[in-house]
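Two chains, two separate frames, one set of hints: put the complex together.
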Amino acid sequence: MDFKDYYAVLGVSEDAPVDEIKKAYRKLARKFHPDVSKEKDAEIKFKDVGEAYEVLKDPDKRAEYDQMRKYGARGDGSFEPPPGWQSRSPFGGGGYTEADAAQFSDFFESMFGGGRRQQGAGPGGFGFGRGAAMRGEDVHARLALFLEEAVKGCEKQVSFNVTEADERGRLVPRRKTLKVKIPPGMREGQHIRLKGQGSPGVGGGAAGDLFIEVELAPHPLFTVEGENILLTLPVAPWEAALGAKVPVPTVDSKVNLTIPKGATTGQRLRLKGKGMPNKAGKSAGDQIVVLQVTLPKQHSEKAESLYRQLADEEQSFDPRSKMKT
Amino acid sequence: MASQVRTEVVEQTTTFTLRELCEQSGVHAEYVIKLVSYGVIEPVEEPAAPEWTFDLESLARLRKAQRLQRDLKLNVPGLAVSLELLDDVQQLRREVERLKQQVRQLTGR
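Sequence lines, in order, name chains D and H. For what it's worth, the working numbering labels the leading residue of the first sequence as 1, then goes sequentially. For what it's worth, the working numbering labels the leading residue of the second sequence as 1, then goes sequentially.
Treat the hints with care, as some may be off.
[To be verified] If we take Cβ atoms under 7 Å as the criterion, some of the chain D residues that face chain H in the derived model are: (1) Asp35; (2) His191; (3) Arg193; (4) Thr223.
[Unchecked claim] The calculated DSS-like cross-link candidates involving lysine-lysine, where the alpha carbons are at most 30 Å apart (straight line), are: (5) D/Lys156 - H/Lys34; (6) H/Lys100 - D/Lys152; (7) D/Lys272 - D/Lys302; (8) D/Lys38 - D/Lys70; (9) D/Lys254 - H/Lys100; (10) D/Lys23 - D/Lys38; (11) H/Lys100 - D/Lys195; (12) D/Lys279 - H/Lys73; (13) D/Lys45 - H/Lys73; (14) H/Lys34 - D/Lys195; (15) D/Lys282 - D/Lys302; (16) D/Lys31 - H/Lys34; (17) H/Lys73 - D/Lys23; (18) D/Lys27 - H/Lys73; (19) D/Lys40 - D/Lys22; (20) D/Lys40 - H/Lys73; (21) D/Lys152 - D/Lys254; (22) D/Lys152 - D/Lys245; (23) D/Lys57 - D/Lys23; (24) D/Lys31 - H/Lys100; (25) D/Lys195 - D/Lys152; (26) D/Lys297 - D/Lys272; (27) D/Lys297 - D/Lys282.
If you are wondering where the hints come from, they were derived from the structure by calculation, not from laboratory data. Computed from a predicted structure; not experimentally measured. Think of the CB as a built atom: it goes at the ideal place given N, C-alpha and C, for glycine as much as any other residue.
The shape of chain H in the complex, shown without the other chains (with noise of 0.2 Å):
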């Protein structure tokens, strides 16, 4: 079977207009300025908000937060409270691992 996989390429640098961001989301503009207003995602640039543009990151990010919010039943600041501290943890945990791994490499263990 494997050998009949085709290979995809990915897109490169893909940005969505904010009406193609609601389109592959299935939300309203509301909902997304919404969340731009309380700093869930942030548009590439910040002119006014028809002109927006959006990154892959912020896409993925407005589908997590929809995730959240459709299984946890949060309201926006409570997701922007939870996404912000699921950030830090990551990243914490990721500061973590790379402390460990040098004391790891100094202490030849």
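Just chain D, same shape as in the assembly (with noise of 0.2 Å):
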């Protein structure tokens, strides 16, 4: 078991007052909630954060914590309690972390253990009675789609935590991992709740549900904008001249495009019912395919030559008009 540095995770010194502490923690909490932050572990920091907090703003556990930390510093960052280590101060406080303490790491277990909630007799907190049946917990997870995975809808394996009792009553955290089938035209931000697939109830309760939230992967060539669906199309200055058939991807097969006489870059052009479909399966967005028109990146003689032809032929066109004072 590893060694946890509460000052180190709260980054105060260890003769931090309690104010400072507690300064610390509540900056850290708000730049660490999973709900605002973006960073990558920001669940597991803001769990390491409520638990130092935990330890520290309590001087008896803190003045526990601090003999423990003399005692465990080992030279390998490895910890274990000294043999018939019991705390004197059995955790249970209030607080936010009292509805995540079955989240708490191994280490705050050994330290301040069968502090986790007990069944039916945990801390007196909402809803929390004695023996009294308890709906289990909803759980709240994220999953990355591609876009076609999105559109088409599809099957998907979600792994996420659930709290559960052991057989001595007390919630710990479980891994699950559930097959999910994916309705078509999920968009980014969007939920999906699975009935009963959260944590189970506690004394006959209901169990909770499991919210996925869809996150999109970007895709190389499709950007979606509300309904529809965007596509940079590139074309040759003649096929935006003189109007063309192009055959133009969708996100799920091809179609043949064609391309207005006298196109410009910029121009939108709308493929009806191609873009992201209603939660019903049926279409409801637009593919919208935006031109760019896009040169060579060398001309042969003769292109140079007909160039030059057209450059006599064109010469009442002033790109620059809108420049001139």
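Printed below as a string of structure tokens:
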């Protein structure tokens, strides 16, 4: 088991007064709150910060921790509590951490053990009465989909942690894996709910639900704008000038698109019904094709002479007409 | 193990009454009414409170509001501001990503 340096977690010195600890905790809790932070391991950091605060805010626990910190300071960072160690400050104080006590580290457990909530005997917080039936916690998970998967719907494996009672009635985390059929048309940030797949209830209470928030992985060609799917389509100058029929990829196949004569860069063409479907799987959005006139990197001598002819022919065209004073 | 995993099918369109929303998230109706009055969540349609229905996004948002209030000790007006700003930031992040990608495509890099 690794020793946890709670002072380092909160970024305070060993002799920091409680006020400073509180301030550091508040700041870090805001920074790493999983609903606020975009950092990858925000959730882990947030839990660490909560655990550190749970110990350091309480003078008794802090004193015990300091003692242990001296004792447990082995060179390799590993830690074992001394034989017969028992905390005089059983966990169960107030504060937000109550709800997440089961998520605390093994290190915390070894020090303030027996502290994890026990069935029917936990801290008398909200709805946690003596042996009363309690609904299991809802669980929130994120799931990244490729655009193709979001458009067509797919089957995905999702792993997440639930909290359940072990044989001694203590609430401990357990990893759970489910296969989930994702309906077509999920947008970034939308949720799906799986009823009863969250943490199991306590004392005969119903299980909580699983909420999955969908994220979309960036696609090399397409971007999503509301219910429409955008594609930038390079076209040659002569295709733009003369009009053309060109093959265009859509998310699930391709279509032939007519470029109108005299098209320009930035012009938007609409492929009806080729955007994001709605929840019933019916077409809702369109695919918007944004034209981009693209030139070859080099021209042949023949092409250059043709350009000279073109320059003669198009003398009235001033591409910088809007720049004149 | 994976082969034993059962496939869960997602319920499609779920709506919740005010009562169901409260039961689901363990809050009083007054709390939900307050969140609605601050525009934190919105009922699908707005008849009188007892007939309100909420969609899944409202429930998810209510849960988020609860987490933020519990963890950061926000009051409801503070919560409303935070959630709005978080929404804005997220929307801007997406917009930036989308524009970056378009620039990449336009410049061919």
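Right, here's what the structure says about each hint:
{"no.": "1", "hint": "Asp35", "in the structure": "holds (5 Å)"}
{"no.": "2", "hint": "His191", "in the structure": "holds (4 Å)"}
{"no.": "3", "hint": "Arg193", "in the structure": "holds (6 Å)"}
{"no.": "4", "hint": "Thr223", "in the structure": "holds (5 Å)"}
{"no.": "5", "hint": "D/Lys156 - H/Lys34", "in the structure": "violated (37 Å)"}
{"no.": "6", "hint": "H/Lys100 - D/Lys152", "in the structure": "holds (26 Å)"}
{"no.": "7", "hint": "D/Lys272 - D/Lys302", "in the structure": "violated (41 Å)"}
{"no.": "8", "hint": "D/Lys38 - D/Lys70", "in the structure": "violated (36 Å)"}
{"no.": "9", "hint": "D/Lys254 - H/Lys100", "in the structure": "holds (25 Å)"}
{"no.": "10", "hint": "D/Lys23 - D/Lys38", "in the structure": "holds (22 Å)"}
{"no.": "11", "hint": "H/Lys100 - D/Lys195", "in the structure": "violated (38 Å)"}
{"no.": "12", "hint": "D/Lys279 - H/Lys73", "in the structure": "violated (36 Å)"}
{"no.": "13", "hint": "D/Lys45 - H/Lys73", "in the structure": "holds (19 Å)"}
{"no.": "14", "hint": "H/Lys34 - D/Lys195", "in the structure": "holds (26 Å)"}
{"no.": "15", "hint": "D/Lys282 - D/Lys302", "in the structure": "violated (51 Å)"}
{"no.": "16", "hint": "D/Lys31 - H/Lys34", "in the structure": "holds (27 Å)"}
{"no.": "17", "hint": "H/Lys73 - D/Lys23", "in the structure": "holds (13 Å)"}
{"no.": "18", "hint": "D/Lys27 - H/Lys73", "in the structure": "holds (12 Å)"}
{"no.": "19", "hint": "D/Lys40 - D/Lys22", "in the structure": "holds (25 Å)"}
{"no.": "20", "hint": "D/Lys40 - H/Lys73", "in the structure": "holds (24 Å)"}
{"no.": "21", "hint": "D/Lys152 - D/Lys254", "in the structure": "holds (15 Å)"}
{"no.": "22", "hint": "D/Lys152 - D/Lys245", "in the structure": "holds (27 Å)"}
{"no.": "23", "hint": "D/Lys57 - D/Lys23", "in the structure": "holds (11 Å)"}
{"no.": "24", "hint": "D/Lys31 - H/Lys100", "in the structure": "holds (26 Å)"}
{"no.": "25", "hint": "D/Lys195 - D/Lys152", "in the structure": "holds (23 Å)"}
{"no.": "26", "hint": "D/Lys297 - D/Lys272", "in the structure": "violated (34 Å)"}
{"no.": "27", "hint": "D/Lys297 - D/Lys282", "in the structure": "violated (42 Å)"}
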